[in-house]
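S.K.: Generate coordinates for the entire structure from the input sequences, incorporating the hints supplied.
Protein chains: 2
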Amino acid sequence: MSGTGRRRLPRQVREQQIIDAGVRVFSKRGYHAAVVDEIAELADISKPMVYLYFGSKEGLFIACIRREGERLTRGFQEAASAGKSADEQLWAGLSAFFGYVAATRDGWVVLYRQAPEQGGEIAAEVRRQREAVMAAVVELVRSGASGSGALAERGGRDAEFVAHALVGAADSLTGWMADHPGETPDKVTLRLMNMVWVGMRNVLDGEVWVPPDGDSAAGE
Amino acid sequence: MSGTGRRRLPRQVREQQIIDAGVRVFSKRGYHAAVVDEIAELADISKPMVYLYFGSKEGLFIACIRREGERLTRGFQEAASAGKSADEQLWAGLSAFFGYVAATRDGWVVLYRQAPEQGGEIAAEVRRQREAVMAAVVELVRSGASGSGALAERGGRDAEFVAHALVGAADSLTGWMADHPGETPDKVTLRLMNMVWVGMRNVLDGEVWVPPDGDSAAGE
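Protein chains in written order, with full-length UniProt numbering: chain A, 1 to 220; chain B, 1 to 220.
Since no wrong hints were added, every one of them can be taken at face value.
Since the list gives no way to pick out one identical chain from another, each pair is judged satisfied if it fits inside one copy or across any two copies.
Simulated crosslink set (SDA-like; lysine to any residue; CA at most 25 Å straight-line):
#1 K187 - Q77
#2 K84 - T73
#3 K47 - E121
#4 K57 - P116
#5 K57 - G120
#6 K187 - G156
#7 K187 - R157
#8 K28 - P116
#9 K28 - E38
#10 K84 - S143
#11 K28 - E70
#12 K47 - G30
Calculated directly from the structure, the hints in this document are not laboratory data.
Treat the numbers as computed from the prediction; the structure is a model and nothing was measured.
M.R.: The structure is reproduced here in structure tokens:
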């Protein structure tokens, strides 16, 4: 491990360099068209070293998915910090998510546009990262609800339900945000807060909507 | 086209028979493990006929995705029928969706669990069906909002936003519903109505949540 130049970097640093280059090249070229030569060159690391660390192009792609997924999960964990009210935590979580999408455009393309279209091991890693994100959001919802009696009382299932709805809505909105450059992360977060929180608050206060039962009860 | 037995069925009927069998076998075996022999046998149609109609196993799988996607889209279009208030339309749309998922379990497995893990042409068809579903939901939201001034005034973009959030939330909740047998389509629909509608109604009335701006404005 002694020597000059690139060889002196610790393995972890070199791995991150390769993943950074991988995310950029995969995002630009697509998974199938991307070649390891270009990634190695961009990372300023030899091609055999890329294979030594990641085994294959697929292995590197999976490492990219994992790193990007972990970044997202960390954002939610930080949002769930102590001393914030429920709506502040939700706002912080949604901001972290849409902020990640806008700031890490290449990572988002790999994670949301390319990875879900692959099969096999890659699909399995996408599922794992999605589950980790979901677990972090469930914690965020639980932590936000712990101050407000109703949801906390009803236990984990309500938090799971809300987390699945939020993650699904936010995932779906990433594509919409990308198609509308005027819709900044802050604007999209505010839209979603208005849609779900102003509602969630009333549910927490005990208000319950009931489906129409024969008569058209719901007025304007 | 004259003759006896299976040959007398019109092409469209035979195609639907093959698609029915395809959805059942794909759902049970998975896309890669499914074999056309089993599908042909279940449909009581010769294997060459399956290839004549659909070209390949991939072609048949794509036809299955299309048929299931169209069923879903039709459910939303019916929900957007005249003479219903906004919340009744939303309730009907969500009921149609979660009802489809529960009643057409094989179709849902193909559309939501198997198809998204494939690449190429299959992924393209999944995208097309998703876009068609989205367009139907945008129409549903628009039609529901047309009676209430605020959203209708603000035009198509709000309806698109709400539709993306709803479709994403509902898609994500299908997996959660499948993992919790006690959560019937009606219960899940009611949960989602409470989460988003009780909120949406207040937004339509002009209530706006604003993010915390330094001070912790949001109450408990």
